[in-house]
Amino acid sequence: MAKTVTDVTCPFCGSLCDDIEVQVSDDGTKVLEVFNACAIGAAKFLHTAAKDRVTRPRMRQEDGSYKEVSYDEAIEYTAHMFVNSKKPLMYGWSNTNCEAQSVGHEIAEATGGIVDNTATVCHGPSLIAIQDVGIPSCTLGEIKNRADVVLFWGCNPAHAHPRHLSKYSIFPRGFFTGKGHKGRKMIVVDPRNTDTMKLADVPLQLEQGRDYELLSAFRVAIRGEELPEKVAGIPREKIYEAVEVMKNGRFGVIFFGMGVTQSLGKNHNIDNAIMVTKDMNEYTKFAIIAMRGHYNVTGSGQVMGWQWGFPFATDLSRGFARYNPGETTSNDLLRRREVDAIMVFASDPGSHFPISSVREIAKIPSVAVVPDINPTTEISKLHVPVAVNAIETGGCCYRMDNVPIDARKVVEPPEGMLTDLEFLTRVRDRIAELKAQAPAGVRASAEAVGA
Amino acid sequence: MAEYLIRNGFVFDPVSGVNGDRKDIAVKDGKIVESVSPSAKVFDAAGKTVMAGAVEIHAHIAGPKVNEGRNYRPEDKLFNAASGVGGMRTTGGFSIPTTFKTGYNYAKMGYTTAIEAAMPPLYARHVHEEIRDTPIIDEGALPVFGNNWFVLEYLKNRELENTAAYISWLLRASKGYGVKVVNPGGTEAWGWGLNCLTVNDPVPYFDITPAQIVRGLIEANEYLGLPHSMHIHANNLGNPGNYTTTLDTFRLAEGFKANNRFGREQTMHHTHVQFHSYGGDTWGNFESKSDEIIDYVNTHPNLTIDTGNVTLDETTTMTADGPFEHHLTELNHLKWANVDVELETAAGIVPYVYSPDIKVCAIQWAIGLELGLLAKDPMRCFITTDHPNAGPFTRYPRIIKWLMSKEAREERLNTFKHAEKVIGATLLHGIDREITFYELAQMTRAGPAKALGLKDVYGGLAPGMEADIAVYDINPESPFTPDQLEEAFSAAALVIKTGLPVVENGVVINNGNKRTLWVDAKVNENPQVMRDVEEKFLKYYSVTLNNYEVQGHHYIPNPYAIQVDATQ
Numbered sequence: 000m001a002k003t004v005t006d007v008t009c010p011f012c013g014s015l016c017d018d019i020e021v022q023v024s025d026d027g028t029k030v031l032e033v034f035n036a037c038a039i040g041a042a043k044f045l046h047t048a049a050k051d052r053v054t055r056p057r058m059r060q061e062d063g064s065y066k067e068v069s070y071d072e073a074i075e076y077t078a079h080m081f082v083n084s085k086k087p088l089m090y091g092w093s094n095t096n097c098e099a100q101s102v103g104h105e106i107a108e109a110t111g112g113i114v115d116n117t118a119t120v121c122h123g124p125s126l127i128a129i130q131d132v133g134i135p136s137c138t139l140g141e142i143k144n145r146a147d148v149v150l151f152w153g154c155n156p157a158h159a160h161p162r163h164l165s166k167y168s169i170f171p172r173g174f175f176t177g178k179g180h181k182g183r184k185m186i187v188v189d190p191r192n193t194d195t196m197k198l199a200d201v202p203l204q205l206e207q208g209r210d211y212e213l214l215s216a217f218r219v220a221i222r223g224e225e226l227p228e229k230v231a232g233i234p235r236e237k238i239y240e241a242v243e244v245m246k247n248g249r250f251g252v253i254f255f256g257m258g259v260t261q262s263l264g265k266n267h268n269i270d271n272a273i274m275v276t277k278d279m280n281e282y283t284k285f286a287i288i289a290m291r292g293h294y295n296v297t298g299s300g301q302v303m304g305w306q307w308g309f310p311f312a313t314d315l316s317r318g319f320a321r322y323n324p325g326e327t328t329s330n331d332l333l334r335r336r337e338v339d340a341i342m343v344f345a346s347d348p349g350s351h352f353p354i355s356s357v358r359e360i361a362k363i364p365s366v367a368v369v370p371d372i373n374p375t376t377e378i379s380k381l382h383v384p385v386a387v388n389a390i391e392t393g394g395c396c397y398r399m400d401n402v403p404i405d406a407r408k409v410v411e412p413p414e415g416m417l418t419d420l421e422f423l424t425r426v427r428d429r430i431a432e433l434k435a436q437a438p439a440g441v442r443a444s445a446e447a448v449g450a
Numbered sequence: 000m001a002e003y004l005i006r007n008g009f010v011f012d013p014v015s016g017v018n019g020d021r022k023d024i025a026v027k028d029g030k031i032v033e034s035v036s037p038s039a040k041v042f043d044a045a046g047k048t049v050m051a052g053a054v055e056i057h058a059h060i061a062g063p064k065v066n067e068g069r070n071y072r073p074e075d076k077l078f079n080a081a082s083g084v085g086g087m088r089t090t091g092g093f094s095i096p097t098t099f100k101t102g103y104n105y106a107k108m109g110y111t112t113a114i115e116a117a118m119p120p121l122y123a124r125h126v127h128e129e130i131r132d133t134p135i136i137d138e139g140a141l142p143v144f145g146n147n148w149f150v151l152e153y154l155k156n157r158e159l160e161n162t163a164a165y166i167s168w169l170l171r172a173s174k175g176y177g178v179k180v181v182n183p184g185g186t187e188a189w190g191w192g193l194n195c196l197t198v199n200d201p202v203p204y205f206d207i208t209p210a211q212i213v214r215g216l217i218e219a220n221e222y223l224g225l226p227h228s229m230h231i232h233a234n235n236l237g238n239p240g241n242y243t244t245t246l247d248t249f250r251l252a253e254g255f256k257a258n259n260r261f262g263r264e265q266t267m268h269h270t271h272v273q274f275h276s277y278g279g280d281t282w283g284n285f286e287s288k289s290d291e292i293i294d295y296v297n298t299h300p301n302l303t304i305d306t307g308n309v310t311l312d313e314t315t316t317m318t319a320d321g322p323f324e325h326h327l328t329e330l331n332h333l334k335w336a337n338v339d340v341e342l343e344t345a346a347g348i349v350p351y352v353y354s355p356d357i358k359v360c361a362i363q364w365a366i367g368l369e370l371g372l373l374a375k376d377p378m379r380c381f382i383t384t385d386h387p388n389a390g391p392f393t394r395y396p397r398i399i400k401w402l403m404s405k406e407a408r409e410e411r412l413n414t415f416k417h418a419e420k421v422i423g424a425t426l427l428h429g430i431d432r433e434i435t436f437y438e439l440a441q442m443t444r445a446g447p448a449k450a451l452g453l454k455d456v457y458g459g460l461a462p463g464m465e466a467d468i469a470v471y472d473i474n475p476e477s478p479f480t481p482d483q484l485e486e487a488f489s490a491a492a493l494v495i496k497t498g499l500p501v502v503e504n505g506v507v508i509n510n511g512n513k514r515t516l517w518v519d520a521k522v523n524e525n526p527q528v529m530r531d532v533e534e535k536f537l538k539y540y541s542v543t544l545n546n547y548e549v550q551g552h553h554y555i556p557n558p559y560a561i562q563v564d565a566t567q
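Those protein sequences? They're chains P and R, same order as listed. Position 236 (the first sequence) corresponds to 235 in numbering that gives the first Met the number 0; numbering is contiguous. Position 410 (the second sequence) corresponds to 409 in numbering that gives the first Met the number 0; numbering is contiguous.
Certain hints may be false.
[As the list claims (entries may be wrong)] Restricting the straight-line Cα-Cα distance to at most 25 Å, the calculated cross-link-like pairs of lysine-lysine (DSS-like) are:
| no. | chain 1 | residue 1 | chain 2 | residue 2 |
| --- | --- | --- | --- | --- |
| 1 | P | Lys29 | P | Lys50 |
| 2 | R | Lys416 | R | Lys358 |
| 3 | R | Lys416 | R | Lys405 |
| 4 | P | Lys362 | P | Lys66 |
| 5 | R | Lys334 | P | Lys265 |
| 6 | P | Lys246 | P | Lys197 |
| 7 | P | Lys184 | R | Lys538 |
| 8 | R | Lys40 | R | Lys30 |
| 9 | R | Lys538 | P | Lys181 |
| 10 | R | Lys256 | R | Lys155 |
| 11 | R | Lys538 | P | Lys166 |
| 12 | P | Lys29 | P | Lys408 |
| 13 | P | Lys246 | R | Lys334 |
| 14 | P | Lys181 | P | Lys246 |
| 15 | R | Lys334 | R | Lys358 |
| 16 | P | Lys181 | R | Lys535 |
| 17 | P | Lys380 | P | Lys362 |
| 18 | R | Lys535 | P | Lys166 |
| 19 | P | Lys178 | R | Lys538 |
| 20 | P | Lys229 | P | Lys265 |
| 21 | P | Lys178 | R | Lys535 |
[Unchecked claim] Listed below are several chain R residues computed to face chain P (Cβ distance under 7 Å; list not exhaustive):
| no. | residue |
| --- | --- |
| 22 | Pro63 |
| 23 | Gly91 |
| 24 | Gly92 |
| 25 | Arg124 |
| 26 | Trp335 |
| 27 | Asn337 |
| 28 | Tyr540 |
| 29 | Asn546 |
Worth flagging that the hints you see were computed from the coordinates, not collected in a lab. Ideal Cβ placement from N, Cα and C applies to all residues, glycine included.
In isolation and in its complexed conformation, chain P is listed as follows (with noise of 0.2 Å):
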């Protein structure tokens, strides 16, 4: 009889399941079914149990070819390129708990690092947005009992995040939503004509990279004001239209995505959709809510910033916590090539990076810190393989809406795997040694003389 974990949280998106189940093995060592998942969490469930798995540490040789090495030896070359560089980027943190975030910020206090999450690529325009204008907003169970419109703004849930729309946005029935979706108006806005589109009551398919002049049309509208007879490709009635649902409603919000963080405008597209939000508390009740992608990249912001004061982009390299995107961003960093060595860290900059970026990770000493291989591991001096976090290992993770759950650990890793916690803090213990070994006054020489 397979034994079933109940109330698991689901490692992909921004939406952090917490409703899963999972039927294991009875050793406790395989996932055999998943259950309440949407296709793309349960596919991560059960490719822990994949027969061609990487459990051990690969170090790339002068061939290109890859040789297996110890834990021991990972940790080895892992301290001494963190103590040999004079500026270490420490990139990712969105696949792995806030425990293993806090240690990588030791590790960065202690060599000068500079720490980014991958909103840099995804949602930081939003927390600079946020910086400038702040942000209305709510939990997701507040949608759920209370919103009757709901506008999706360049994001299309239906693939990105499976079950937002059963679990919290569109379909469920809460305490003062008891009709479910017949009792919400759905506006969608989006180039594409997306399988979110074709459910919305009001589809606004909108010229690409005119987010900002449809957002400023939005506001003239909400203040009754005259517009064009179109603007971003929407007919005004349209617009009129739209703003009239929104402001009929009782409580509504805007979920956007990277459609709008992404594209032409980036930051201020935020702005101008968190003004509409602010305007439109002026009538009615409105939150706003960026779609976070990792399932806690969130959290990594959540800690840099008591930790630290910045949600991304921290650079410990003066000492001293300094934030400046733009400049300590890790793409601007790697493409000025101020960097000498990277760990990559729960993440895949080998996918999301531009060539130019990429092309400088292969260049400098590298370490990447992920489950399985990917396009980054295989261009890092050392990958290292470790548990799946939030299935071989638990621990705190923050949705989208900044709410914390506990993960659950829900199979034991393959035989010998360490997790990234347990590698990150042997790294740090190790580093601590060295520079205790090594006269404080010899670093800083060698330094000086660019050594």
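Add chain R to chain P, keeping to what the hints say.
Quick look at chain R alone, frame taken from chain P:
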């Protein structure tokens, strides 16, 4: 464990009634003791002031809204970031310092215990992660109850036992310390963009009034016999003329008797009363009503208050009073953050500049000081800034200066841009009282500790109490300037926390061994409440019931649970 002897200082300890006598204080195994062996390490405190470690009763220092404040205000870190030296962590931030800086700054001023004033239960894990990362000081957090759907429904039906059982359950689930109420009913109304501005405004849908919520929660608090009383931020905060709402709220505590084994006497703690003592009906005729407020407090021993002193800084306001923050952003047009939390509460954040050139800000400054100076019983009136709302807690030494020196506050008062108007709208100019060292120890140590139900643990130097001790480089028997006073209280000569020296000569030297305080209140099994809890999680919460309770070493590595037995 090591022994210490703090020799020959001027000791101020209301708990043992010592008022400035030269005394030795002995420490062994983390506690104050009568005497120690000759091998004890000796600190010479001759010519210095010795007090117990101070107790912060109300500050927003850990949790989701504090962190949103940090993350959305990079400007708050300009020019104040510093690297960690000697095993200490990197620090930064002014009005919303990082967790490490929070712990270090409290310790530097001789504060050794603090209460986080508003914990949204759904975000309790976040609060505890930050508490874990705040070094040195012992810390507890107050979960908010005043807009919680369970509470609203039970109290509407006058179900006292169920309310108490739910409180007990939620304190355990969130690892909370006591019952906090913020804008009762008004924050739930904010779910629809509305508010409750008097104690009789009905809460939309729930059909209950703030008055019923407050009285019900006081009753449930005393039914359980919790160490702390119901702790309230009343309706109508920050508005001209709101002192009548405050008096109405005070009156709700009449007729209740404190019931607990912790020596607590009050049944209501009203926080940051400065924000609730306003007369006038516009910003034009805005004036102090601190006399009316404090008259009531002085004659009603069932009440304790803290001041909420305005420090005249640029700061970051944050409160579970969601509608107030929206009101504030409409006033000052600075960036507004808000989070409504399902079934429980809400919170808002807006930066604010308390400018000495603005009449209203200067009047607010005066009101806070008036409350401290007009209070007849310093054991019932505590100094706070409602950090960071009226100013950062790091300004306590400056508030102490103003309270202890008429000269210092007159200098400030007379150099306001609108000094004449401010003097006309306030009472401060006519108050000669100067708070004494002994009264200061009551207002910052013995008083708050007693109000929290911790009078045998913190806030005093009697043998058997925790060895939390602060030594300040100021001689109460020699002349000193007001600025020397501020300087001495800014950086203690020595701070010992639970028997461990953590600050020497104003420098933090140890990360301490902090504990997380929470209250474990046992009640009889209550199947109805458990059924209601299960139903609400199944239908309305966005997390499962089994993923709600805060548990585990990674959240609370060093718990200090206070046991309460309400099963009889």
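Status of each hint after checking the structure:
no., hint, in the structure
1, P:Lys29 - P:Lys50, "holds (11 Å)"
2, R:Lys416 - R:Lys358, "holds (8 Å)"
3, R:Lys416 - R:Lys405, "holds (19 Å)"
4, P:Lys362 - P:Lys66, "holds (19 Å)"
5, R:Lys334 - P:Lys265, "holds (19 Å)"
6, P:Lys246 - P:Lys197, "holds (23 Å)"
7, P:Lys184 - R:Lys538, "holds (21 Å)"
8, R:Lys40 - R:Lys30, "holds (15 Å)"
9, R:Lys538 - P:Lys181, "holds (18 Å)"
10, R:Lys256 - R:Lys155, "holds (22 Å)"
11, R:Lys538 - P:Lys166, "holds (11 Å)"
12, P:Lys29 - P:Lys408, "holds (12 Å)"
13, P:Lys246 - R:Lys334, "holds (22 Å)"
14, P:Lys181 - P:Lys246, "holds (18 Å)"
15, R:Lys334 - R:Lys358, "holds (23 Å)"
16, P:Lys181 - R:Lys535, "holds (22 Å)"
17, P:Lys380 - P:Lys362, "holds (9 Å)"
18, R:Lys535 - P:Lys166, "holds (15 Å)"
19, P:Lys178 - R:Lys538, "holds (13 Å)"
20, P:Lys229 - P:Lys265, "holds (22 Å)"
21, P:Lys178 - R:Lys535, "holds (18 Å)"
22, Pro63, "holds (6 Å)"
23, Gly91, "holds (5 Å)"
24, Gly92, "holds (5 Å)"
25, Arg124, "holds (4 Å)"
26, Trp335, "holds (4 Å)"
27, Asn337, "holds (4 Å)"
28, Tyr540, "holds (6 Å)"
29, Asn546, "holds (5 Å)"
The structure meets every hint from the earlier list without exception.
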